[in-house]
Amino acid sequence: MTATQKVEAGAAGHGAEPRGKRTEDGQATYLIAIAEALWEEMERDERVYCLGEDIGAYGGAFKVTEGFIERFGPERVMDTPIAEETIVGLAIGSAMEGMRPVAEFQYADFMSSGFDMITTALARVHYRSGVPLPVVLRGPSGGYVRASSFHSTNPEPWYAHAGGIKVICPAFPSDAKGLMKSAIRDDNPCMVLEHKWIYRRVKEHVPEDPDFLVPIGKADVKREGTDVSVITYGALVHKTLEAAEALERRGMSIEVVDLRTVYPLDEEAILRSIEKTSRALVVSESYRYAGIGAEVSATIAQRAFEHLDAPVERLSPPNMPIPFSPTLEDAFLPQVSDIEAAVERLSAW
Amino acid sequence: MATDVDARTQSARPLPEAELERMLYLLMLSRYFDERTEALYRQGRLPGAIYSGRGQEGTHVGVVFPLRPQDSLFPTHRDLSAQLAKGLDLKRVMAQFWGRIDGYTRGRDGNSHIGDWFGSRTWTVMSHLPIAYPVACGAALAYQRRGQDTVAMGICGDGATSNGRWHEALNTSAIHRLPVVWVVNNNQFAYSTPNPLEFGVPTIAERADAYGMPGVRVDGGNVLEVYAAAKEAVDRARSGEGPTLIESVSLRWRGHAGHDPAKYVPKELLDEYMASHDPVANFQDWMLAEGLVDQDGIAQLDSRIQREFEEGYEFAQSSPYPEPEDATKGLWVEDGYWTSEPGRGGPTEAP
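If you're matching them up, the sequences are chains Y and V in order.
Quick note, the first sequence lines up with residues 452 to 800 if you use our numbering.
Quick note, the second sequence lines up with residues 4 to 354 if you use our numbering.
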């Protein structure tokens, strides 16, 4: 019924097929859109280079950099040892010297192997010393692909808490491309948490203009509605849109706000939507406890209290490791049916 | 005949006379600064913390001397002497110690968590060790990619060699033959933990073999021995031959930080190092023996250093504290805080 049930072995990325090409009518998958962003920025600015594990001849575990080494050479598509602290260190040091590194993490899970370099060094250099660090850290995050505890993490709250890194979680190919390009051109540290469930599942027409940019820190309303606002990001934008279709057939009008960037948070866009609908459901794939959804909920409770007709509803996984077995993972992560049920609870107030 | 003797003496000297005089000045300045800031700390007149580098000045000054102005330095909290040797301004250093706007971090950090990337090309020190080692790899990578003959130097203590990042950085630098020099200031204690509880090999230098780079062990009490090893390593890096590991052995004469009486350091060991491995006294003796300075000259240097310290102290006290509203500025590049002059409306008395 839903795409999650069609997931085949290897969907977590191992031994993935070639990245593929745009369709003849110009549609690109999220994966292709991200690759285009990197390619175009490397063409545009010779200071931009990629580094990471197996990104060269192998083209990356998910094939984002497939074919890059042939065009840009091993110095700008640099294979590193399995040394995440040093991947971040290489990025910081070379950025201090004016380069613009884009570091791939094979999975966003493994960013935690470089945690100290990210949260202590990368996030704090500029505030303490005024040295800009135009660094992009990127990698596939998220679940729904039966990849279990070490290949499904949503680490965005950890790095949003670092307080010096812009954390970007795009849901659509165009947003992924435009935000990635903005991140590479940004003079601050940026983290782009791609979502591996979206990589090959979602395609759309993606702008080909090499200067197509999507602003960091701006949310986007992906579906207009009047009854309930659902504020979400990443793969759950797609699941929310699916739920909104079903709910519309039952007479409910859902507005879907895609945060796109989780830090800094676009509070004004959230508040505009609440003023319109008076009901808020916050859906996140990261932990409920002190997570992105918690911050969004608190913002609504504090700043839009007089507009609310119901308490803020939250939907997010418990604060524990994500399990492997399909029954367990489905129970753990928010599903389309959970979103529908939560909206109905809210509407009943 | 006299000319021949002079020529021979001259050729035995590793540096021109003026440079040797500068070396002596920096060693004595480092010692004096260390002693005076400790006294002020104990009197409650210095906020924050102090991390004494006393007894290790030979390492700090010796390794920095072969560096050119454009070379970069990635030190730790204990390496203020190395930063002074690289060119930090004493007045601004002292403003940093007192949390003032003229400090290198504009009051965002204190004491030796200091650096001057755009001036003296030094990393603003972080406490986590050896957090700057992987970063030094990145700077060296940039020099290599651009074909620049610039060198990065990372300094850490023996304690930091037990951390995974130390190994990652050495390994990565050897793979790519990066133009970097790794200095370990082995002062024999990681806070209170002695060398035998830090590593299972006799020396740190011999670990270089495992990464595929030369390793050398020198006496940190002899600044010229340190300098010679560093010069060779810097030249090697500059000519594209890759990294070198230098272990410079000294003893930490004081505690890890100002609050630590360091009772775990055996008295006999401390006595021995203070008597025969004092890098400042040893170099003074060498300069006297070489006839490059006399007792009058040393006394004049002492007076100059005391005067500069007093001037630095006065400068720091008259520099305003940062304005409170600046606390939330300067996180992102686009707010312009770091490219604008800082507000100077803060108080000059401790709030």
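Among these hints, one or two may not hold up.
To be verified - A few chain Y residues facing chain V, derived, Cβ under 10 Å: (1) Glu526; (2) Met529; (3) Ala534; (4) Gly549; (5) Met568; (6) Pro583; (7) Leu716; (8) Glu719; (9) Ala720.
To be verified - Quick look at which bits of chain V chain Y covers, simulated, 3 or more residues with Cβ under 8 Å: (10) 36-44; (11) 100-106; (12) 110-123; (13) 172-184; (14) 218-227.
Source of the hints: derived by calculation from the structure; they are not laboratory data.
Because the structure is a prediction, the values reported are computed rather than measured.
Cβ atoms here follow ideal geometry from the backbone N, Cα and C, with glycine treated the same way.
Verify the interface restraint on Y:Ala534: the C-beta must sit less than 10 Å from at least one C-beta of chain V. holds (4 Å)
Whether chain Y covers the stretch 110-123 of chain V (at least 3 residues having a Cβ closer than 8 Å to its Cβ atoms): holds (count 6)
Confirm or reject the coverage of the stretch 100-106 of chain V by chain Y under the rule of 3 or more residues with a beta carbon closer than 8 Å to the chain's beta carbons. With 0 residues close enough to chain Y, the hint is violated.
Hint validation: Y:Pro583 versus chain V, beta carbon distance must be below 10 Å. Holds or violated? holds (5 Å)
Go through the hint on Y:Glu526 and say holds or violated, using the shortest Cβ distance to chain V against 10 Å. holds (6 Å)
Go check the stretch 36-44 of chain V versus chain Y for me, would you? Three or more residues, Cβ under 8 Å, otherwise it fails. violated (count 0)
Grab the minimum C-beta distance from Y:Ala720 to chain V and call the hint holds if it beats 10 Å, violated otherwise. violated (19 Å)
Go check the stretch 172-184 of chain V versus chain Y for me, would you? Three or more residues, Cβ under 8 Å, otherwise it fails. Since 4 is at least three, the answer is holds.
Identify whether the interface hint at Y:Met568 stands, where standing means a beta carbon of chain V within less than 10 Å of its own. With a closest approach of 6 Å, the Y:Met568 hint holds.
For the hint on Y:Leu716, does the least C-beta distance to chain V fall short of 10 Å? With a minimum Cβ separation of about 14 Å from chain V (threshold 10 Å), the hint on Y:Leu716 is violated.
Hey, does the Y:Gly549 contact hint survive, CB to chain V under 10 Å? holds (7 Å)
Given hint Y:Glu719 near chain V, where the shortest CB pair must fall under 10 Å: violated (18 Å)
When the structure is compared with the earlier hints, violations turn up for hints 7, 8, 9, 10, 11, 14 and for no others.
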